[in-house]
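Q: So the protein sequences, as listed, match chains A and B. Sequential numbering of the first sequence, starting at 1, is according to the working numbering. Sequential numbering of the second sequence, starting at 116, is according to the working numbering.
Worth flagging that the hints you see were computed from the coordinates, not collected in a lab.
No farther apart than 30 angstroms at their CA atoms in a straight line, the calculated lysine-lysine pairs in the DSSO-like style are these:
1) LYS183(B) x LYS42(A)
2) LYS116(B) x LYS78(A)
3) LYS157(B) x LYS42(A)
4) LYS183(B) x LYS116(B)
5) LYS116(B) x LYS83(A)
6) LYS83(A) x LYS57(A)
7) LYS116(B) x LYS157(B)
8) LYS57(A) x LYS78(A)
Per label pair, the in silico range of CB-to-CB distance:
9) PRO70(A) x PRO227(B): 46 to 52 angstroms
10) SER143(B) x LEU84(A): 37 to 43 angstroms
11) ASN74(A) x GLY175(B): 30 to 36 angstroms
12) ARG170(B) x GLU18(A): 44 to 50 angstroms
13) PRO155(B) x SER73(A): 28 to 34 angstroms
14) GLU68(A) x ASN133(B): 43 to 49 angstroms
15) THR120(B) x GLU53(A): 32 to 38 angstroms
16) ASN28(A) x GLY131(B): 40 to 46 angstroms
17) GLU171(B) x ASN28(A): 25 to 31 angstroms
18) SER66(A) x ARG170(B): 41 to 47 angstroms
19) VAL24(A) x SER185(B): 35 to 41 angstroms
20) GLU68(A) x GLU171(B): 36 to 42 angstroms
21) ALA144(B) x ILE54(A): 23 to 29 angstroms
Ideal Cβ positions, reconstructed from N, Cα and C, are used throughout, including at glycine.
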Amino acid sequence: EPEVTQTPSHQVTQMGQEVILRCVPISNHLYFYWYRQILGQKVEFLVSFYNNEISEKSEIFDDQFSVERPDGSNFTLKIRSTKLEDSAMYFCASSPDRGTAYGYTFGSGTRLTVV
Amino acid sequence: KQEVTQIPAALSVPEGENLVLNCSFTDSAIYNLQWFRQDPGKGLTSLLLIQSSQREQTSGRLNASLDKSSGRSTLYIAASQPGDSATYLCAVPGGATNKLIFGTGTLLAVQP
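This is chain A alone, in the form it adopts within the complex (with noise of 0.2 angstroms):
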């Protein structure tokens, strides 16, 4: 069954530094999604993509988040100066139809931890 792939599993950096994050959706889904996860909170939305731009970011996803799909097949997510409560899982989904009919393929996350 196709995967959502995302690397690194587990990335620890210091404050103020980037990073990026790294996904691979399903080859022939066309929506992109990331959302996070603070530890022991819910799942929420960052940004939606399509069509090689943002469709819909949330309050959070501010001016240092960006998003970016450079090749055709990765989608990733760089936050340019991290703080500590950044530290979350992050996931990647995609969809071939925006979710109505075939709902979202999630990717395994990526834990980052900011220290």
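Starting from the known structure of chain A, arrange chain B on it as the hints suggest.
A: Showing chain B alone in chain A's frame:
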């Protein structure tokens, strides 16, 4: 604004019991509802996707029901096993891009 609630927050049952997890949502104008499983520190595994036109969806020992008009879904797990121990999340699409809106989850522990 769509809100999703799950009860109970935690549930502990002996092996072999049948159990029901509940999910409620405030806006009934949804395309579908998706149930996920999350093991500790791990990703989200899709269990069942139930469309708004369906009332039930089954996969093995799992059965999900959906009552759009009342804003409720249930996940029924038959003959529970210790391997079913995990957090179960429900989510509905909403907003301009059908982003998923998640409940807080039910932490299930099945005791051998």
